[in-house]
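S.K.: Relying on the hints, combine the two individually framed chains into one complex.
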Amino acid sequence: MLEIKGINSFYGKAHVLNDLSFGVERGKVVALLGRNGAGKTTTMKSVMQLVVPQTGSVAFQGADITRMPPHKVAKMGLGYVPEERRIFTDLTVMENLEVGRQPAREGTVTWSEEMLFDMFPNLAERRTNRGKELSGGEQQMLTIARTLMGNPSLILLDEPSEGIAPVIVEEMVRVILRLKKDGLTVLLSEQNLHFAQAVADRVLIIESGIAKYEGSLADLQANPEIRDTYLSV
Amino acid sequence: MGFFIAQILTGLANASALFMVASGLSLIFGVTRIVNFAHGSFYMLGAYVGYSFMQVLPGAWGFWTSILLAGLVVGVIGIIVEMLVLRPVYKAPELFQLVATFGVILVIQDLALLVWGADDVLGPRAPGLKGIIRIMGEPVPKYDLALIALTPFVAFALWWLITKTRMGILVRAATQDREMVGALGVNQAWLFTGVFFLGCALAGLGGAVQLPKGGADLLMDFNILSAIFVVVVIGGMGSLPGAYVAAVLISVLNVFGVNYLPQSTLALMFVVMVVVLIFRPFGLFGREEVAGEHGQVGEPERPIKPAGQTARMIVLAGLGALAVLPLLGDSFTLVLLTDIAIFCLFAASLHFLLGLGGLVSFGHAAYFGGGAYAAALLVTYAGTPMELALILAPLAAGLTAIIFGWVCLRLTGVYFAMLTLAFAQLLWSLVFQWGDLTGGDDGLVDIWPSEWASGTTTFYYLAMVLCIGGIIMLRHTAHSPFGYALRAARDSQRQAEATGINTKHVQWVAFGFAGAMAGIAGGLFVFSKGSIFPNELEIARSFDALIVVFLGGVKTLAGGVVGGAALEGAKDYITRFEYWRLLLGLLIIFVVIVAPDGIAGTLRKWAESIGLMKREDQA
Chain H
1 MLEIKGINSF
11 YGKAHVLNDL
21 SFGVERGKVV
31 ALLGRNGAGK
41 TTTMKSVMQL
51 VVPQTGSVAF
61 QGADITRMPP
71 HKVAKMGLGY
81 VPEERRIFTD
91 LTVMENLEVG
101 RQPAREGTVT
111 WSEEMLFDMF
121 PNLAERRTNR
131 GKELSGGEQQ
141 MLTIARTLMG
151 NPSLILLDEP
161 SEGIAPVIVE
171 EMVRVILRLK
181 KDGLTVLLSE
191 QNLHFAQAVA
201 DRVLIIESGI
211 AKYEGSLADL
221 QANPEIRDTY
231 LSV
Chain P
234 MGFFIAQILT
244 GLANASALFM
254 VASGLSLIFG
264 VTRIVNFAHG
274 SFYMLGAYVG
284 YSFMQVLPGA
294 WGFWTSILLA
304 GLVVGVIGII
314 VEMLVLRPVY
324 KAPELFQLVA
334 TFGVILVIQD
344 LALLVWGADD
354 VLGPRAPGLK
364 GIIRIMGEPV
374 PKYDLALIAL
384 TPFVAFALWW
394 LITKTRMGIL
404 VRAATQDREM
414 VGALGVNQAW
424 LFTGVFFLGC
434 ALAGLGGAVQ
444 LPKGGADLLM
454 DFNILSAIFV
464 VVVIGGMGSL
474 PGAYVAAVLI
484 SVLNVFGVNY
494 LPQSTLALMF
504 VVMVVVLIFR
514 PFGLFGREEV
524 AGEHGQVGEP
534 ERPIKPAGQT
544 ARMIVLAGLG
554 ALAVLPLLGD
564 SFTLVLLTDI
574 AIFCLFAASL
584 HFLLGLGGLV
594 SFGHAAYFGG
604 GAYAAALLVT
614 YAGTPMELAL
624 ILAPLAAGLT
634 AIIFGWVCLR
644 LTGVYFAMLT
654 LAFAQLLWSL
664 VFQWGDLTGG
674 DDGLVDIWPS
684 EWASGTTTFY
694 YLAMVLCIGG
704 IIMLRHTAHS
714 PFGYALRAAR
724 DSQRQAEATG
734 INTKHVQWVA
744 FGFAGAMAGI
754 AGGLFVFSKG
764 SIFPNELEIA
774 RSFDALIVVF
784 LGGVKTLAGG
794 VVGGAALEGA
804 KDYITRFEYW
814 RLLLGLLIIF
824 VVIVAPDGIA
834 GTLRKWAESI
844 GLMKREDQA
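These protein sequence lines map, in sequence, to chains H and P. The working numbering numbers the first residue of the first sequence as 1 and each following residue consecutively. The working numbering numbers the first residue of the second sequence as 234 and each following residue consecutively.
Since the hints were made in silico from the structure, they are not lab data. Misleading hints may appear alongside valid ones.
To be verified - With a straight-line cut-off of 30 Å between C-alpha atoms, the simulated DSSO-like cross-links for lysine-lysine are:
1. LYS13/H <-> LYS324/P
2. LYS75/H <-> LYS363/P
3. LYS397/P <-> LYS132/H
4. LYS737/P <-> LYS75/H
Okay, chain P solo, but in the shape it has when bound (with noise of 0.2 Å):
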């Protein structure tokens, strides 16, 4: 019984910082619609600022007024990143503002290693608050006491911000219908940047409060991440009692699967989130996203047409100079172009469900990522040749992908994308957990091509036709009577119903397909690097997909390519800098302002200005 208690008690005191931290999340997500991924790299913010003041201010008082000073400081970067960043692109298409969140990310990391260093920080201890307390016999730390206890003041303030200032209600009235609040005479701009001044607070707060029990690192950011997001899309987005009671759960349920089954309590939060989302969609105390309100913002799509003559041409002279390129070129330049036409594959595969299909998943890594593990698993275990691997390859993804597929249609927006995550997390966690099978962090190794493709010549040939006939799949089948059908239920779901389409069984369909390209592109990336570890299913590799796609053009069917094409060659020239992950994050940020059309948005703009491509009105 005491055991028990205690087991309790250490749950409720990590839920504290999980509820500051993804209260904040949803309160930017209610009033500004942004998905700010960015919130995990403000709570590893707060928790550097937190430290750093510690060292400063001595005792008690210092301890608490640090922790204070973090949020407040946390708070006032996520002013700055407000207004530099999002304030640009709040008109532009949500995923765009999610691909500049993404860019903080990478900007704070390198910031955060230049200004604290690369090693892990100890969190101080809390002065006064440093032993246990036995309760029934059982350790239990008196400062997990203290958040228990300080989690309902946090949470009362917040409650009394929100339904009793004006601030508050503005706040509410926002969520629900923005432009209204604009035309009663409020300036919607500052609305938001004080929300996320207070949402990163919280976030800082969080980060900040939980340093006596896991001090600070660089790597925090994107481990918070996930489980704020389950939090918030468990409790209901917006909802902060939903994210209370969420916080709650998950932490709870946490400590006992780290006694109980020890081997799933990454994954253990994924199955919860699962379940509560297949019976209450939109979380245990969410509102029902009205329709509309996450369409299209900016200019329709435009029709996809078959390439004309000079644009076969160009084609055609670039397939020519890579067909000849191994006679010119060494093998750095082969190894790179493999690459790069891998990785292109995967990017298409993920933009064929975003761009025509309008379904935005966060976890596209869960088949590259999919496919790779099934080859690496046969070759280890089976002993499969690569030929058969590589055919069962995207068979396994793609299943995989009709799995999780079917659940996660279920939902619709921010909920299907958190679903996708949800579901790669719970593939990663089962990989990096199942050690015994998977090799776990290690990986697996010496995964090599048989004997005829394993020159440098003859893999980047078969990579090649492997990869461009994916891709030219793809393109084929967006021209079909399949892809048309595809785009209709983006465009509207009632009125493609009422043509007689099945839109889900579609959508679920495309899904599937998207899953066995990536799976593919996995199967190659195996070979080609002999090795694969965990990190190719990581949360990471999904937001690559995702940036690539929006950075080549989500809108131009050639969008996924270029992207894939310009990030990886970019990656390979900028990572030999220290901080590259500062100007790739840069560089993401000026695409996402400058040119939100992507790059082959913006090529074609620009060919078209010229008059080099037709215009659409003159086509």
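Just chain H, with the same shape it has in the complex (with noise of 0.2 Å):
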């Protein structure tokens, strides 16, 4: 469903992703792990063409989409939820879900906002408040439902557990298994290890913008000395 290959990513003159090429299938949850810096941000960006990739190529369901507009990316049903989450403080929760309100798409679900709030019981109790006024993990909540209302086909997470409290990322694990369910594909970045290993089929461990390792998580699971050798701190 997403092809990346050998894409070289750069900001200013620092080569952050070094002829990187991975793919993600339809229906999986592939997970990016790698310490801090390691480039995932800037492949999630670079997916998104909010950084374009120097060289290499990047496809979507089989279209190639490098150098595309990020509105235009978006718009083939890649929705993109940043690290920073990035909501907007001065709007209410209903207009943030407004902001990402996109046609329906054939073949994903169509979200509405009730079914959103059916998922993120939370947010529904703060509609008419403004972004500012929301906890961490609502924030988060918020930033991953505002990209579901654009009805995505593949969703990038960049760290959806980062700086949330233990029992959000409980939730978000919950998030993410009944999204798989519906049939979304999905590509996260994650440093918690843990946090993978709950929801995702396969990873991928990247370092220096390099790849380091690919496979099943029942892989990795038995290879400790790769864990340690590119995970652990």
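M.R.: See the structure below:
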């Protein structure tokens, strides 16, 4: 569904991604693991074309999306949930959802505000609150809900468990599994191995923008040395 | 009491058009982050277009329909400008966008002259609202009351649009985080165009609605510009309620000012602005600018380095040519070159602030004109000889810069720029309205060089020595430890602070130094012309310098000088045409879009590509 082939991305002169290639199959949850600064967020942004890879290509559902403006990438059904959440703090919860709204798309769930409030009951009570009045966990839910309003077929979740309370992390797990059941494809980046273990089918470990390991979660668990080399702090 | 109320009503009526125009500017800034200098031009177009419609549409229906149509037409013109001029430069550093909008001002000025002629247009009175009503014995024009009644509807419609519609929600979201809105599938380009349409339509409405009160003339664009900036800054950039409150505040104050302090009406507005900004740096309803939001986009700055062998040879050859020129050239060439040299020093001093300090001053004319007026006043009232006046002029300008800089440097980014503009306008209005001292509009005349320097050739040499000396000094300072500290403060204030640099202090000194250098240019200017008029302090003067720095190239050390020489030279040539503003405006827009590195920057890239100069990575 998503094919990344040999991308090289830069910030100014800093070479962040180095010939990175991997794919995500439809209906799977793939976790991108790696330490801080490994290039996880840049990978997400490069898929979304918020950072344009200098070489290499990104294909989504068979179509080349490299160098496409981000709004067109989103319109093709790629949903992006940024690491820093980036909710609109001056807008209410309802208004934040409105910004994400896109027309229904064939083959994906068409979300409404009410369906999202069912999934995130906390947000339902805060419809008219402004973004800045929400807690960190609520903001994290809002940013996911906002992206779902675009009815994506693949969702990019950048560090969904970062900086939120353990009880909310559990809720995140529940949400991701529910989305997977609905047929949504998920690419998520994580530092928290336990979180990845709870949701992912496959993992990709990157370090310094280079893919170091790709395989099933079971294989990773069977190879503790890989885990120790690339993930332990 | 009746008089008091009548005054307030007049103020409220005046606030009506001001609010419409200012809210348009505020909206455009909020979403696109572009300070649209051409906003006054759209206001002027609104007045002219409305007038033309009123000529053909009769009666009360015709009158109000004309106003609506004027808004619509101006909005569409805004779309054209946005798509042709601004779209190509959204990714450029924000200062290029300013210069592009300045090009638009020039183009619109000449197009208006072409279509409507040079004579002022008397606005038609509103049918059915011609007379006055007596309120507590005081006459109040009926049209004023209509305007007061109209404004809440406009404000309500805007409020509804911004808070209740999807477009409004997207606009507010984009005001906060444009990239995220794009990542959610919204095409920003069309959102920008939509906002530009709305903002320009509001400006057009404002222009048309004030027709019965003020008519239409070709000076409207600049005349309202400072007022709307003041309103937007006092209210807070991007805030609509702020724009309304500030418009009312300024208009009411202005009406009372006319009655009680007629000498200070122009200055009053800026005094209020300065006071508000000192207590509320981001305006009454504004939000703090997020750091980095206005950071430089594009390639990182190159490190500056001393001139190489080739460059030194070229400069020496140029200086040699300038030295022997009086033997060959006629006096016209000498006068032109004197003008160019003075302008180059002025531009180089702004370049020093802007390029090295990252301090975008919109009011650099204050120090050029300030130096010029200081010299002229000394000669007129104290009979000071030229030599002394030329020493005191930079001192006076530098001192002014130090005082103004102290206040301005409390703010950063767009607010800093606006504050420098306000101070320049404050000085201008003082000079303009304090006729007893400064001669007001008639200026100060009969200020000639000392006997020994009165010949064209001698004065040419004098100007060359001082101007080139000043430029070398600016360049030298750029390479000195102080210059390094200044650039460090520009690139990362926090990191510079952490290294022990008192960034505010460094910037303050730089502000004063650049002011003094502009003061030398101003002093020389007076003696070369023999007179001085308030227009040397005008916004247009400050913009001249800004444009020159951008045309020359902000990121190139020679940018100010190259741009100054190019523009002043080109102006001498193209002002011979009747519609030279149109040409100049198109030229500016062309350079901004095609050669965003400026003349010096583009020349350098070109020289690098053919191997004349070493590239940075090879050096």
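S.K.: Of the numbered hints stated earlier in the document, which are not met by this structure?
M.R.: 2, 4
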